[in-house]
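Novice: Chain by chain, the residues run as shown.
Protein chains: 2
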Amino acid sequence: MPAEVNVEKVKNIKSLLAIQSEVESSNKIALSVDCVIFGFDENKLKVLLIRSDLKKYLGKWSLLGDLVSPGEDLDAAAYRILKQRTGLSDVYLEQVHTFGSVNRHPAGRVVTVTYCSLINIQHHKLNILDNELHWHDIKNVTDLAFDHQQIFDNCYRRLQKRIQEHPLGLNLLPKKFSLRDLQNLYEAILDTKMDRRNFRKKFFSMDFLIDIDEMEQDVPHRPGKLYKFNYEKYEKKKKKWVGIDF
Amino acid sequence: MPAEVNVEKVKNIKSLLAIQSEVESSNKIALSVDCVIFGFDENKLKVLLIRSDLKKYLGKWSLLGDLVSPGEDLDAAAYRILKQRTGLSDVYLEQVHTFGSVNRHPAGRVVTVTYCSLINIQHHKLNILDNELHWHDIKNVTDLAFDHQQIFDNCYRRLQKRIQEHPLGLNLLPKKFSLRDLQNLYEAILDTKMDRRNFRKKFFSMDFLIDIDEMEQDVPHRPGKLYKFNYEKYEKKKKKWVGIDF
DNA sequence: GAATTAATGTGTTAGTTTTACACATTAATT
DNA sequence: AATTAATGTGTAAAACTAACACATTAATTC
Numbered sequence: 002m003p004a005e006v007n008v009e010k011v012k013n014i015k016s017l018l019a020i021q022s023e024v025e026s027s028n029k030i031a032l033s034v035d036c037v038i039f040g041f042d043e044n045k046l047k048v049l050l051i052r053s054d055l056k057k058y059l060g061k062w063s064l065l066g067d068l069v070s071p072g073e074d075l076d077a078a079a080y081r082i083l084k085q086r087t088g089l090s091d092v093y094l095e096q097v098h099t100f101g102s103v104n105r106h107p108a109g110r111v112v113t114v115t116y117c118s119l120i121n122i123q124h125h126k127l128n129i130l131d132n133e134l135h136w137h138d139i140k141n142v143t144d145l146a147f148d149h150q151q152i153f154d155n156c157y158r159r160l161q162k163r164i165q166e167h168p169l170g171l172n173l174l175p176k177k178f179s180l181r182d183l184q185n186l187y188e189a190i191l192d193t194k195m196d197r198r199n200f201r202k203k204f205f206s207m208d209f210l211i212d213i214d215e216m217e218q219d220v221p222h223r224p225g226k227l228y229k230f231n232y233e234k235y236e237k238k239k240k241k242w243v244g245i246d247f
Numbered sequence: 002m003p004a005e006v007n008v009e010k011v012k013n014i015k016s017l018l019a020i021q022s023e024v025e026s027s028n029k030i031a032l033s034v035d036c037v038i039f040g041f042d043e044n045k046l047k048v049l050l051i052r053s054d055l056k057k058y059l060g061k062w063s064l065l066g067d068l069v070s071p072g073e074d075l076d077a078a079a080y081r082i083l084k085q086r087t088g089l090s091d092v093y094l095e096q097v098h099t100f101g102s103v104n105r106h107p108a109g110r111v112v113t114v115t116y117c118s119l120i121n122i123q124h125h126k127l128n129i130l131d132n133e134l135h136w137h138d139i140k141n142v143t144d145l146a147f148d149h150q151q152i153f154d155n156c157y158r159r160l161q162k163r164i165q166e167h168p169l170g171l172n173l174l175p176k177k178f179s180l181r182d183l184q185n186l187y188e189a190i191l192d193t194k195m196d197r198r199n200f201r202k203k204f205f206s207m208d209f210l211i212d213i214d215e216m217e218q219d220v221p222h223r224p225g226k227l228y229k230f231n232y233e234k235y236e237k238k239k240k241k242w243v244g245i246d247f
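If you read the protein sequences in the order shown, they are chains F and A. Its first residue numbered 2, the first sequence is counted upward by one per residue in the working numbering. Its first residue numbered 2, the second sequence is counted upward by one per residue in the working numbering.
Be a bit skeptical, because a hint or two may be false.
Which copy? The list can't say, so a pair holds if one copy fits it or any two copies do.
[As the list claims (entries may be wrong)] When the alpha-carbon atoms are kept at most 20 Å apart in a straight line, the in silico DMTMM-like pairs for lysine to aspartate or glutamate are as follows: (1) Lys203 x Asp138; (2) Lys29 x Asp196; (3) Lys240 x Glu166; (4) Lys234 x Glu217; (5) Lys29 x Asp74; (6) Lys226 x Glu95; (7) Lys57 x Asp182.
If you are wondering where the hints come from, they were derived from the structure by calculation, not from laboratory data.
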C-alpha cells in the first residue's frame, strides 16, 4: 500500500486517484502490505527503501508495499512484493504488526499489514531496476513517508528481539560465514559491542555450527575458518522453556 | 468479524447477507477484529467464547469479534468489543496477528486482526447477558468455528511467551494476591509445575512485590501474605538486553 | 626474506544465576 | 490437644556469564 501506491502506481497517477475515490466514496477499508526488507552489507544493517511520489511526501523515503488483491493471501502479497522488488523468492518473511489508524494514509482508509524480511545481499546481487530504490544504512533512517517510520521502528525492535532467540540473522549472511561475520552481524543489529571470546564460546557451546574446513579468502590478514549453520539440528533441539525474567 | 457477525448481527440475518453480498459482489476486503479474552478462575486459565450461529459452524464455539467500522481505529474496535462483551474498559489488550486467508470466512473475504486480552474475573464480576457466552477452560478448547482454533492457539502461545518476559499475568489476578496465587497462575498458563521455593526466591529477587502487610482471609489453612505489584518500579527498571540464547 | 601488521584462536577465574531439595511454623479444623 | 494443610525459609552443587591477555598465523611492507 502506501509505498507501492507511490511507487509503481503513481507513475500513472490515475490509479492512485481511483483508489482514493474508491476508498473515500464507499467508506470501504483498503488493505495493503508493507515490507521492511533488511540486508547486511559492509558490516552494516541496511533497509530497502524507495522514494515516495506522493505530493504530500515528496522526496521522502518509504517502505515497499502494495495493495492486497482480492483473491490474494496476505503472506502471498508480501512474497509478491519481495519478488517484484528484489527478484528473490525463498526468503525469510515474518508478519509483524497491522497498522490501521484512520488517517494514516492521505488517500483514505488503508489498513496495512507489515512484514519483516531478511535477505542475503551478497548471495543474490539483486537487480535494482528502479533507480529510486536504495539500500539505506538503518542508522540514517529517519523521517520516512506516511507512518513508515513507526512501522520501521517497530520492525527493527522486533528484529533485535527475535535475533536473540532464533537464528534468523543467518538469513542475512552467506551460507558460509566466519565467526567474525556472525559477530559483526549481531553487533550491527543489536547496536552494541560484544566480547569476542565470549561470543565464540557461546556459539560453539550451542553446537549448531558446522566446521566445513574452509578458510576465508582474500582477507588482508590471517584468514578465519568458515562455518555453516546446522538448521536440522536446531529444529530438533529448539527450546521452549526459558524461565521467568523481567 | 467472524465471531461477532455470527453473534449479534446474525440475530437479524439480514445484515450478514448484506456483508456477504457487499464483500462478494464488489470483491472488496472486509476487515474485522477478533479478541482472545483470557481470565483466571479456580486456578484455571479460561477463555471467553460464544456460540456460533452460522449454519456452517452451528453449535461450535467462536471468539468474540466484529467488523471494524469505517472511521474506527483497530485498537478502538478491539476495546469496543471488550466493553460490549465484558463491560470492562481499562483492560490489558495487545494486537497479536492478522489472518487473511482468502477462504477463511464463508461470507467472503474477511481479514481479521486478532487481539489478546487479559481480564480479572473476580474483581469485576462481568455481566454475561448473553447465555451463549461462556468461560471455557483452555484445556477444553478444541474445534472452534472458522479458523478460530488457529487464532486461539497463536494467542495462547504468545501469552505463554510474553508472561515470562513481562508482568502481564498480573492483569488476571486481583490487585492483592498471594505468592501461591501467582505461582498457580504461572503454572496454569505455562502448563507446568514449578518449585515453590525457587519461584518465591525468583520473584522476591526481582524486587517488584510490595508487602502490604495483609494476610489471606477465609482459607482453610495457614494464611499467606498478600502482595501488590510495584508497576512504577518495574517501569523504571525494565530490561532491554537479554543475551543470545536459542 | 625479515619485520610488521591485523586479525584469529584459545582458557581461567570470579561472580551470578539456576536447580534440587527438607524441615520448622502457623492457623484452622477435628 | 491432636491433626491437617498450607506457609516460610536456606544451602550446596551446577550451570552460566563476564571480564580479561597472549601466542599464532597469513598477508603485506620494506
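Novice: Between the shortest in-copy and the shortest cross-copy C-alpha distance, which are at most 20 Å for lysine 203 and aspartate 138: within, between, both, or neither?
Specialist: neither (28 Å within a copy, 41 Å between copies)
Novice: One pair to classify: lysine 234 and glutamate 217, alpha carbons no more than 20 Å apart. Within, between, both, or neither?
Specialist: Neither: 25 Å inside a copy, 49 Å across copies.
Novice: Which holds for lysine 29 with aspartate 196 at a C-alpha limit of 20 Å: within a copy, between copies, both or neither?
Specialist: neither (54 Å within a copy, 54 Å between copies)
Novice: Is it within a copy, between copies, both, or neither that the alpha carbon of lysine 29 lies no farther than 20 Å from that of aspartate 74?
Specialist: Classified as both; 19 Å inside a copy, 13 Å across copies.
Novice: Under a CA distance limit of 20 Å, which applies to lysine 57 and aspartate 182: within one copy, between copies, both, or neither?
Specialist: Cα proximity of lysine 57 and aspartate 182: none, with 41 Å in one copy and 54 Å across.
Novice: Quick one: lysine 226 to glutamate 95, C-alpha cut-off 20 Å, is that within a copy, between copies, both, or neither?
Specialist: neither (31 Å within a copy, 44 Å between copies)
Novice: Could you figure out if lysine 240 and glutamate 166 sit no more than 20 Å apart (CA to CA) within one copy, between two copies, both or neither?
Specialist: both (9 Å within a copy, 16 Å between copies)
Hint check: violations occur at hints 1, 2, 4, 6, 7; the rest are consistent with the structure.
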